[in-house]
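Dock chain F against the given chain U, drawing on the hints supplied.
Keeping their order, the protein sequence lines are chains U and F. Okay, so the first sequence: first residue is 173 according to the numbering used here, each after it adds one. Okay, so the second sequence: first residue is 395 according to the numbering used here, each after it adds one.
Cross-link-like lysine to aspartate or glutamate pairs, in silico, EDC-like; alpha carbons within 16 Å at most:
#: 1; chain 1: U; residue 1: Lys480; chain 2: U; residue 2: Asp544
#: 2; chain 1: F; residue 1: Lys842; chain 2: F; residue 2: Asp768
#: 3; chain 1: F; residue 1: Lys837; chain 2: F; residue 2: Glu767
#: 4; chain 1: U; residue 1: Lys664; chain 2: U; residue 2: Asp228
#: 5; chain 1: F; residue 1: Lys774; chain 2: U; residue 2: Glu200
#: 6; chain 1: F; residue 1: Lys701; chain 2: F; residue 2: Glu834
#: 7; chain 1: U; residue 1: Lys285; chain 2: U; residue 2: Glu203
#: 8; chain 1: F; residue 1: Lys842; chain 2: U; residue 2: Glu282
#: 9; chain 1: F; residue 1: Lys566; chain 2: F; residue 2: Asp640
#: 10; chain 1: U; residue 1: Lys201; chain 2: U; residue 2: Glu282
#: 11; chain 1: U; residue 1: Lys625; chain 2: U; residue 2: Asp544
#: 12; chain 1: U; residue 1: Lys285; chain 2: U; residue 2: Glu200
#: 13; chain 1: F; residue 1: Lys774; chain 2: U; residue 2: Glu282
#: 14; chain 1: U; residue 1: Lys364; chain 2: F; residue 2: Glu811
#: 15; chain 1: U; residue 1: Lys339; chain 2: F; residue 2: Glu834
Selected chain U positions facing chain F (in silico; Cβ < 7 Å):
#: 16; residue: Met243
#: 17; residue: Ser245
#: 18; residue: Ile312
#: 19; residue: Gly326
#: 20; residue: Ile327
#: 21; residue: Ser346
#: 22; residue: Val349
#: 23; residue: Val353
Since the hints were derived computationally from the structure, they do not count as laboratory data. Fair warning: this is a prediction, and the values are worked out from it, not measured in the lab. Backbone N, C-alpha and C fix where the C-beta goes; we use that ideal spot for every residue, glycine too.
This is what each chain is made of:
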Amino acid sequence: MSGSAQLMLLATFLPLLGGLGLLFVPNEKREVFQKASVAILAASFLLSVPLWFLYDRGSAAVQFSYSVSWMPSLGVKFSVGMDGISLLLWLLTTFTGPIAALCSWGNITERWKEYYIWLLVLQTSLLGVFIAQDMLLFYIFWEVMLVPMYFLIGIWGGPQKLYAAIKLFLYTLSGSVLMMVAIFAIYYLQHKTNNAYDFSIESFQAMAPVIAQQTKAFQVLLALAFFLAFAIKVPMFPFHTWLPDAHVQAPTAGSVILAGIMLKMGTYGFVRFLLPIVPDGTKLLMPYFLALALIGVIYGALVAMIQKDMKKLVAYSSVSHLGLCMLGIFALNPWGLKGAMFQMLNHGISTPGLFLAVGIVYERRHTRQIADYGGLSKTMPIYATIFMLMTMSSIGLPLLNGFIGEATILMGTFQTWPWVAVLATSGIILGAAYMLWMFQRVMFGPISDVNAKMEDLNFREIAYFSPLIIMAVWIGLYPKPFMDIMDKPVRKLVLQVQPDFYKAEALAARQAEAAKVGMRGMEAPAAHEPEAAPVEHAPETLAAPGGGQ
Amino acid sequence: MLAPSFATGLWEALSHDLQYIWPQMLLMVSGLLMLWPLDSWLLPWTKAEKHKWAIPTMAILLVSLLISLYTPNGLGFSAMYKVDGLTKGFQALCILASIFAVMLSQKVLGALFEHTAEYYALILFATSGMLFMCGAVDLVTIYFSIELMALCIYILVAYLRNQERGIEAGMKYFLLGAFSSGILLYGISLLFAATGGITTNLTELNQKLAVVSQDKNLLVYSGALMVLVGLCFKVAAVPFHMWSPDVYDGAPTPITAWLATAPKAASLAVFLRIFGTGFHGIFNEWEAPLMVIAGATMILGNVAAIKQQSMKRLLAYSSIAHVGYMLLGVLSRDAQSGAQAIWLYMLLYLFMNTGAFAVVIYLQGKNEGERIEDFSGMGKRHPVLAFSMLVFLLSLAGIPPFIGFFGKFYLFLLAVEQGYTTLVVIALLTSAVSAFYYLEVVKQMYFKEPAEGEVEPMDSYSKFLISATCAVVLIGTAFGPQLLKWTDDIRWFEKETPAVILEFSNN
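So here's chain U without its partners, still in its complex pose (with noise of 0.2 Å):
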């Protein structure tokens, strides 16, 4: 095993390691439980940092990686490692969790041992989901996490917290469960196909041709299976409804580790899985799922609007910007996939930062309704200027880390969907005007009685929130090195997903060099093409069904 990857594995089973050792601490200790549990994190975090510079961003390969055969008659392996796209949501679930634990000193106030222990095994597993390389590992770790999270909301939460905690559990497990057949199927052809056994996500990704050789039934059933998995997790309308009832209810850590890192599992999985495996059922399928994304943002949007519940609204505003995401994602070109991916970084950064902005008033006041605030910039400076840096984070004011990404991504999908993309536009218009009303009407206004005794963030809280700016400014400054990493990765799988890419673009740049120079009869037959010949190409290849038949 090599360094890198002892650090790798060390990183991802710390929390759960720390979390059994404070098994042994007595209930009472209050305090330890706080501050061991944001040590454990924090450590964690900062043994996965070295991993941003040992990565080799020349190279789409999985790297860091380590494989040890677990039950050989299956092809079971406990195999890990990570590519670019693991490694960036890796990190920031490494990010996140010490920020999670650091927000929960005030508003976890009985029960705290199991609550930092459940906090510690959910952050082993949402990491062991993103470093796994076997599909039966990685369904084990997207399993697990359900359990934690249950119990965050079950105990934690809300008034609603026993209804929300298993809505989110039994929509969840549904969608797995067909996954999990889905995986039986691919394995069972890929033994048919060439006599082995094996669980590797690698294997699985290179049954891609064979799967295109199949019934138009199977691939479309495949495709829907992990479809369905992975948009509950997203979550797409309309499998949206868990979704505001466990960030209402959750308590604040729990929203925060939701909308940060959760949800994008589900992206995640459409970019490992869906995409790679299943590529020709996708494109089959691509008109309803753009309809959905679509759906979903302009409906999330509209709905976040008319919310009376600031957390509701946040919630709200996670559909609509995650369909943004999938819009990225489905216009299967490189600008729209790598936009997706930015933008779930961001995502990771914005919509925490709100949710723990909700939760300091929360804290306060015990109330969540946006009727109930006003006028608080006068007596909450501070927390008045970094919730607006959050709201502006994440409605994509330039300079700011949301506006790279959503640019990009629109990019991508108008090169694809011009239309889609058009219509696209109007979700973050009116990502803007709701966002931006909620905090006029928190922040601006005459202030009440109550309100104004409302004390301003105190060192833990502004200490919490300062990673979360930095890396949003700095994101929007110079996001070059988290597009970078991904440079390869995404190249690699957009090449899974239409192998034609990258010829045709070739193709077209070589006639624009031929156009230049004014050789036009060199290359006769294609000769006529626009310069745009890579974004016109790419929606024929979408629109040949079935196109690897």
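Showing chain F alone in chain U's frame:
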């Protein structure tokens, strides 16, 4: 001169065949000894308490487990009884389940207030019946061994004879059990007639069934169907499951835990013998009915469990549902891998089920645990107990990384390979439903406030029993390779692989 040579011949045959049934012999003889000379002479003399029989019983069961593992493979008693991987594997399951039942019957758990020698003796007799079931390869031996098991269980179910519920359970189980045995026997006789009244041996039956003339088809189908119905009664598959919740509810709780595992393991072994060997050639005839039964069992078992208020009934319905999953293994065209998947599932189920019942029994001893509400606030009152129960329930629901997931994974993997994708989808969706009612208990334990009252610390025996089982369920998946290696040994011996028989299946 005839008599001595007959005697020597008999002796030779016996001495050869007896080697296959030493475990059963041990169980029966020690059971008999317990009943008569020891209990009435020895014990009063040594002044030992009657429930002290538990430890000897466990020892006897353990010895018989060891003997059964080292029994040579072979065919004995005029090819009516066979020892092979399947026999040994399922025998181990039955004996393990009986050991667990005895462990659960301990007085410290407060499950039974009256312990007598016959309680343990009946468990031993029933276990020997199960061991015979695992190895029976002839319809007649199958029938006899089923009866041997069932008669003992009827009495054990009605063991709480001063409670109305107990009597009702025993009566219900006896009537319906007798009825189903009748159906089974009738089915057997029809098949016997259809194949010309020559054989009841499963292997020969399979060959005969393949060449049976067209006009006998009705006999064959109705015979096979009746055997199917009779066996479905024994494993409580829908629609022949009605007896099971009432019986589970009324029986002493250790016996309920035992009923959910041991007889089902043995009956599934019979299922595999009859359908994997005897009826393998007419697979296409029983495939559809069994598919419907399996699907219905999963759906009804899980859906009906949702609204249960009693913990024992909930576990009863959940055990119906688990049988539904295991029937997927019987459906496998490759009977051997089907047997392996069922065996693995049953082994893992044995642990989670025993664990869950151990918790229920412990609480019953404290006069609670009967209803789901009794679990409220358990997370605060008994953290270890509640956490163990959480692990058992999540494992029953098939949430990884607990062993229940591993069993489901292996079983459903096989079923998808055999082409039962729709049934697997039903199975997985209903297991998502099952998560709902298991989590209902979890909800009570962790999300509800505890009832008033003093909390008694757990005694060391219960604590050990529950947390040891919990540890197995918790980290069992890590031993996947070892489990798979054992599973690989569940095979019938070479000369009788049903491969030859497959040729007839097109008729």
